[in-house]
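> Line by line, the protein sequences give chains A and B.
Residue 235 in our numbering sits at position 241 of the first sequence, with consecutive numbering throughout.
So our numbering is basically just the index in the second sequence, starting at one, shifted up by 17.
Hints in this document: simulated from the structure, not taken from any laboratory.
In this text the structure is predicted, and so the values were computed from the model without any measurement.
Heads up, a few of these hints could be off.
If you only want the chain B side, here are some residues facing chain A, beta carbon under 8 Å, derived [said to hold, decoys possible]:
no. : residue
1   : Ala45
2   : Met46
3   : Ala218
4   : Cys219
5   : Val221
6   : Asn242
Here are some of the chain A residues that sit facing chain B, going by a computed Cβ distance under 10 Å [what the hints assert, rightly or not]:
no. : residue
7   : Ser34
8   : Gly35
9   : Pro59
10  : Gly62
11  : Val68
12  : Gly73
13  : Asn77
14  : Gly80
15  : Asn83
16  : Val214
17  : Ala253
18  : Asp278
Don't be surprised by glycine CBs; every beta carbon is placed ideally from N, CA and C.
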Amino acid sequence: MSADRSSEWTNKGALPDMSVEIAGVTLKNPVMTASGTFGSGMEYSEFVDLNHLGAVVTKGVANVPWEGNPTPRVAEVYGGMLNAIGLQNPGIDVFIERDLAFLKQFDTKVIVNVCGHTEEEYLEVVERLADQPVDMLEINVSCPNVKQGAIQFGQDPKCLCDITEKIKRVAGQPVIMKLTPNVTDIAQMARAAEAGGADAISLINTLMGMKIDVEKRKFVLANKTGGLSGPAIKPVAVRMVWQAAQAVRIPVIGMGGIASAEDAVEFMLAGASAVAVGAMNFHDPYLTQKVVDGMEQYLIRHNISTARELTGAVL
Amino acid sequence: MTLQYPEGEAPDAVNPGQFAGIYTGNPAMLLPRPISICEWDPACRTLRFVFRVAGAGTAELAAMKEGSRTDMLGVLGNGYDLPALAGRKVLLLGGGIGIPPMVGLAEALHDLPGTEVTASMGYRDNNLFLTEELTACSRLLIATEDGSVGTKGNVLDAVRENGIEADVVCACGPMPMLRAVAGYAKEKGIPAYISLEERMACGVGACLGCVTRTREVDAHSHVRNARICTEGPVFRAEEVEIG
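Let's have the full structure, built from the sequences with the hints guiding it.
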């Protein structure tokens, strides 16, 4: 045997352990999809083997079908995009029958994003999902594009704490509260979700933005405002994940403009226990797989044996 | 621009009316540009795109040097229903940047036995394009807004002036033109296939950015919205509500 014992510790033979745990659920790696950027997995399954992802987070689903906003719903901006889809979705019945059934063919965790206009609507969906083969729920209290509900619950700490408590009472799965960056103090909102009993928080949802066509002097989006996502928001997202992670003991799932494995690692170092790839799926439909592979390479390169060790490991 | 697939990567078939997402290579521009396919040459593995420079992204595409490489997402969407058009008198209507996909369609129809193709194409002025290709495979009528070539007016004015009758109409162009085409087809009692355009993000049906209102509840979305990138971009005129 070689006298160089250090080689036994540098993972030259063994691959790093990529698994992470969120609220008692073990993910094979920390890479998820950000809600709304991956449909319910079906469209991107042509590009990516969903079996390789830590989790698929579905597009927001409500108690009944939602038509969403008028078009134009999307606009490109420098280093990012605006969207005002308005949470179009086929409703929980179709979701369970078609989309969930599709996702259950894969060996990945399924996290269902839940949206609603009112407390009752959120609770109805959460109750419907309680006995379904779903691993976690992510509650969208942060969409900037629907007039009623959604973000209103996420911008007031009292409301956020309150709806989290009510959801926890009926939920059959661990609950992730998805936070909006459109607040003054993200740490306060993170604490409110934790106080309400959230099992984890995820952030950031999109930043509210706007684009005007100066030649036509018209708003580009029919909704006038839309949510900004993409690499343009990443520094804001990293900062907020760090602040939130400092403020709570529950796991934080980090997202906002992830375009590479290095970006994903940056969120982990800031305090995230897992990450989600969002708008950049639209740029590169293979990106989620590349981030998984690249994170593993990062761990090998830095002689780190588990992905878990990255969480909050900024020096 | 013409893009050539690397050997072994070309699709088995490309249907006229399909489109592709072309990347600019500028990392500040996230989204591929959805551009309709003008012509497909399976022997050379080439797709030809003819587009107007409408913004910074298409300007970058137009500035690409011959021999350079780019990424492309696609081919995407469903094209025209060729079996439904075969053996019939087909009227193709194209307005402005809606003309290029009509070229590939005219070429494909030209090869189908018994199919009679008349193309009425609308231009702003005497800056015509793609007329040679269209003349080679169809009877070509030209309409110009300023009357400098052909019929003064729109594509339907040219159709009426020339007394053209058809069994079916296929159209691509600006929304006011498509509305007029839908009205024309209804009046004549013939089917119309129209190709729609909308601001797009993913191009593969995931983001729900590029929807169009539908008359009935859509089978996929379960609301009255269909994805232009996935269910379209070609729709039967009576399926969609274009105002």
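> Would you mind marking each hint as holding or not holding in the structure?
Okay, the hints, checked on the actual structure:
no. : hint   : verdict
1   : Ala45  : 5 Å, holds
2   : Met46  : 6 Å, holds
3   : Ala218 : 4 Å, holds
4   : Cys219 : 4 Å, holds
5   : Val221 : 5 Å, holds
6   : Asn242 : 6 Å, holds
7   : Ser34  : 9 Å, holds
8   : Gly35  : 9 Å, holds
9   : Pro59  : 5 Å, holds
10  : Gly62  : 7 Å, holds
11  : Val68  : 4 Å, holds
12  : Gly73  : 5 Å, holds
13  : Asn77  : 7 Å, holds
14  : Gly80  : 9 Å, holds
15  : Asn83  : 8 Å, holds
16  : Val214 : 8 Å, holds
17  : Ala253 : 8 Å, holds
18  : Asp278 : 9 Å, holds
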